[in-house]
Structures are given as structure tokens and as C-alpha cells.
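Going by this note's numbering, the first residue of the sequence shown is number 1, and it counts up by one from there.
If you anchor each label on the Cβ, the simulated ranges turn out as follows:
(1) Asn-466 with Gly-110: 47 to 55 Å
(2) Ala-64 with Thr-373: 49 to 57 Å
(3) Asn-519 with Asp-366: 42 to 50 Å
(4) Thr-89 with Asp-568: 21 to 29 Å
(5) Asn-262 with Gly-23: 45 to 53 Å
(6) Thr-374 with Arg-113: 52 to 60 Å
(7) Leu-329 with Gly-482: 31 to 39 Å
Keep in mind the hints are simulated off the structure, nothing from the lab. Virtual Cβ for every residue (Gly too), placed ideally from N, Cα, C.
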Amino acid sequence: MAVLLGNDDGTFQAQRTFSTGVGSYPIWVAVGDFNNDTRPDIAVANFGSNTVGVFLGNGNGTFAAQMTFSTGVGSYPISVAVGDFNQDTRADIAVANYGSNTVGIFLGNGDGRLTAQSIFSTGALSAPHAVAVGDFNNDTRLDITVANNGGNNVGVLLGNGDGTFTAQATFSTGTGSTPTSVAVGDFNQDTRPDIAVANLGSNTVSVLLGNGNGTFLAPRTFSTGANFGTYVVALGDFNNDTRLDITVANNAGNNVGVLLGNGDGTFAAQTTFSTGTGSNPTAVAVGDFNKDARLDITVANYGSNNVGVLLGNGDGTFAALVTFSMGALSGPYAMAIGDFNQDTRCDITVANYGGNNVGVLLGNGDGTFQAQTTFSTGMGSSPISVAVGDFNQDTRPDIAVSNNGGSNVGVLLGNGDGTFQAQRTFSTGADSAPNGVAVGDFNNDTRLDIAVANYNGNNVGVLLGNGDGTFQTQTTFSFGTGSAPVSVAVGDFNHDARLDIAVANFGSNTVGVSLGNGNGTFLVQPAFSTGVGSDPYMVAAGDFNNDTRLDIAVANIGNNNIAIFFGDGNGTFASQITLSTGVGSYPISITIGDFNQDTLLDIAVANYGNNSIGIFLNTC
1 MAVLLGNDDG TFQAQRTFST GVGSYPIWVA VGDFNNDTRP DIAVANFGSN
51 TVGVFLGNGN GTFAAQMTFS TGVGSYPISV AVGDFNQDTR ADIAVANYGS
101 NTVGIFLGNG DGRLTAQSIF STGALSAPHA VAVGDFNNDT RLDITVANNG
151 GNNVGVLLGN GDGTFTAQAT FSTGTGSTPT SVAVGDFNQD TRPDIAVANL
201 GSNTVSVLLG NGNGTFLAPR TFSTGANFGT YVVALGDFNN DTRLDITVAN
251 NAGNNVGVLL GNGDGTFAAQ TTFSTGTGSN PTAVAVGDFN KDARLDITVA
301 NYGSNNVGVL LGNGDGTFAA LVTFSMGALS GPYAMAIGDF NQDTRCDITV
351 ANYGGNNVGV LLGNGDGTFQ AQTTFSTGMG SSPISVAVGD FNQDTRPDIA
401 VSNNGGSNVG VLLGNGDGTF QAQRTFSTGA DSAPNGVAVG DFNNDTRLDI
451 AVANYNGNNV GVLLGNGDGT FQTQTTFSFG TGSAPVSVAV GDFNHDARLD
501 IAVANFGSNT VGVSLGNGNG TFLVQPAFST GVGSDPYMVA AGDFNNDTRL
551 DIAVANIGNN NIAIFFGDGN GTFASQITLS TGVGSYPISI TIGDFNQDTL
601 LDIAVANYGN NSIGIFLNTC
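All chains should be modelled from the sequences, with the hints used to inform the complete structure.
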């Protein structure tokens, strides 16, 4: 088993390998916290050695030696999933045993060890390939669905709530369909869970509508394209009409497909949306770039070294991507919008991580941009985030940049003509690795201050502004060792007219909210979980349900979803609801705006893994 630690620039350190044993042939991994120490652990399906391995994480990218748990001679485990099958709040593991035609259940002890496997048959020659979890008979006990590749069917095992399951019931996906993936959702809005299946052999998606008692109607099939090799399926409401849609990874087609749901269990023909092969988008931002009163989207394409612009049609759809080069090896990573030359046209500023500079693209007002002008942030600075504000009170927009490699925040004061003064830097602490940056007036003196997420420092820094473009020494607050904050957002979450800060804690899989005291200090509250292995990467604030209370949106890069925490108006939040961005999408950045002109806030997401931009239209 190999782990490649990221450098935060799309590159990785040399792999570290952890032995799964001679001839083990590890084929699938899943992440969970199996010993309840808040550090991610890894479970692996060892196809060759007929075991499930567990690697307990040390929290620094290394892992303890593998503990193995037998799945049986000739079982050939091919997939693992995590859930709490006996309702003891400890993570358990379900495994698809391809060779022995069974689903295995390992109950967790909470210390990293697992009980001996219990097995449940999926039928002779069924060759189970993937598992998913849901409550199919509405008894609050987790059930399992399995894609039986050899049996050309989907199996359902109803849970008893104690880690045991009833005998499998099967539902055909068609001769030669060879299903490889399953996902669970409500496709016909009857509050009963349904199942979607990726059929590799027939290049289709099957949908089985649930009856709410653990049984399902005959499948309906939808084409994903001849020879596209449909391999993985995931769910979300991609046009925000409150109807669940389907996204598929078409392995041979080199694209991601989206099938929009009609709300009755049927789907429109799939469409695909791309930012370009190898583009690896890392950030999105919103503005009206062609002055048609419709919001547009800009995207930082780290892999292809350009900025893309998608002009909005005002109905939630967008014109084809137009790109603007940022230079070879520039590595554009983050962006912000402002009018830097005061011509009433939206301009773009970009943190060029690889180029060690900030780029500015002046807008022409028709959706196109002039060639970028760059402003150095220093050798090895690796700028990773930018924000815009007027830091010296001259009515000209300035730029704040977090220099990940330089362990400082840089400020570039604007001249009002699209050019900027040389950067001034303000320390965030030795080896702090500052990441996301945001702007607000935290001590109510009418001068803009800066908040920064210090990844290595495990804290959020606040630099109070002096009103002349300089800042006081940073003060910090923390959500704990190993929290590894990566993003900050600003808002008044408890309605006291004092700005608060929301933080995405990548290391602890939480969102933290610190309530402002109005003097530049903050009260740290208990954090809110984004889920085991979620790896929250970016946070944004907005009122998504129109109750005048600020809510929080989070891009969970590890769980491939967007989480929404609805605010109670007192600084606390309801449990998250999640919107899938698709398996392997790795959502890395979100931005908020009204893309279909219905006065409701929508969300755009940059999906690093599948080179796409996703749009979630609000229906609240």
C-alpha cells in the first residue's frame, strides 16, 4: 500500500510504501478512523492474500504495520466500505468477496482491531464487485446492496442492527450487464431509497426504485454511450430542481456523464462538461464578466496553466469554456475578483503557485481579458490563496495573498490603474504554511483586517489592519493539534453585529466556527464534523434557505461532496446535508452566486479529479 503526501501544488512527495505482504495484491482502499483517535486510518482489500488489512495512521503521513483479518481462502476481496452495522458508534467494514461469492462483515472494536468476519452469501458464481450502504426498509438499521458482477444482478441484505443480515434478495440488471458499482438515493421522491447501478458490460446505468420494504421494482436502464465502459456511479442534484441526478465515470470514454433526473425515476440523456484533459481545476470564482447581468464563472486550471471563463446563460447553464494562459509552469491555484483599474469591468487576480507571483487579468467587459501582468511574491513563496480589499483606505482595491512557502501574508497595494506596489509581507509564524485567506473588520474600527488558515501551525491567524496598508503582529486561535486548517470564511453567524470566522479543518475533518468578540479576539466553539475521511478543503458562507441566518458550505475533497450546514442564528448549526460531486471528483473549491436569476444562492464547485465544474442550483 502506498501513500503519496501532497505538496499542496498538485505534486506529491515520493511515495512511501507500507507492505501488505508478498502476493497480497491490494486492490481497493477505504479510509476511516478505526481506533477513535481522530487520525485517518486505511483499510485495504488484499485480493491476493485473502485478507482485509488495517493501517492505523500516526497523523504524520506514516502508518503502523498492517494488521490483517482473514476473509477466507479463495475469497479474493475486491472492495471495502465503512459503516456502523451494529449501532455501537464504532466503524465497521463490509467487504465484497469476489472469489467466495459473499459479503463479509468485520465489526470494529474501536481500537483498530476487528472481530472475525461474518459472511453472507451473494449466490453461486455471483462474483460480488462493489458494496454500498442504505436503510432500504426504513427500520433505522443499515442494510447493504452489492453489485454482483457475475450474477448480473444487484443483491440486497437487510440489516438486523446487530451486525447480522437477512439472506440476500436479488434484482436483475440484465444479461451481460456485469454491474461494477452501486449507489443509493431517492430518484422518484417517495422518501424510499432506490439503487443506481453502473453496468460495465452493457454501457448503461440501471435504476431500481425501492418499495420501502427492502424490495425493488424491475430496473430501468439508461445509455451512457457505446463502448464508454461505465464503471462507477454517484449521485447528486446537479440542476437543483430537488430531483436527484446521476453522474457516472465512463472509464473508456474519458469523460464524466450527468443524467438529470425527472423526479419520477426516469432520466434525461446524459451530458458531459469538461475543463480540458489534464486541466486539474483548483479554484472557482464568480463575476459578471460581459456585463449582461448574468453571473459567469472563472476557474483556475492548475494542470493546464490557464484561467478558464464560462459565460452564464442566466438559466444555470453556461457557454463553452474560453481559456487565458497564465504561463508555463505557473500553476494557477486560487483567484479573486475585483475592479483593479476602476473602469467598472470585472478583473481577475490569480495566485500562481508555481510562478511565485500574483497575476492580474484586466477585463474588457465582453467576457475576454487582457494578457496577465504579474507581481512577484518572492522566490519559493508558493502563493496559494488571494483576497481583495481596500487596506489603506484610498478607495483602490488591494490584494492580500497567503504565501504557503514563505510563511507569510503578502499585501500588494493597488495604484488604481491595474498595477500594484511591491509586496509587503507579514509573518504567520515559522513553517506555518498559510493556506486560505479572507478579509473583514474584526475589531470594528472601520479598517480591514486579514484572517489566514495556517495549515502547519494548526491555527487561524488574525492580522489587525492599521488602515495604511500595514498590519499588527498576528494573533492566533486553534481548533486543536492536527486540525490542519486550510480555508477561512467570514460572516456574522450569531447576529451580534460582530464578524465571526468559519474554518475548514482538513486534518480533523471538521468545520470550526469562532465567534468574534468585536475587538479582534474570538471565542472558539466546538467544531462540527464533516465526516470520517471527508478532508474538508474549502468553506464559504451564505444564506441558502432564505431564513436570514448565515449557513456554511464546505467542499469535502475526501468524500467527494459538498456539505451544507444550516445556521441556527446563534452560532450553532444543524448537522450537515451532503450533495455528491461524483466518485473521484475531488471537489477542491467552491464559490457562491445566483446563476439562474431566481434570487436564490447557488454553488459552483471546481472538481480537481475529473477536470470539471459542477453547478448546484438552489431550490430552497
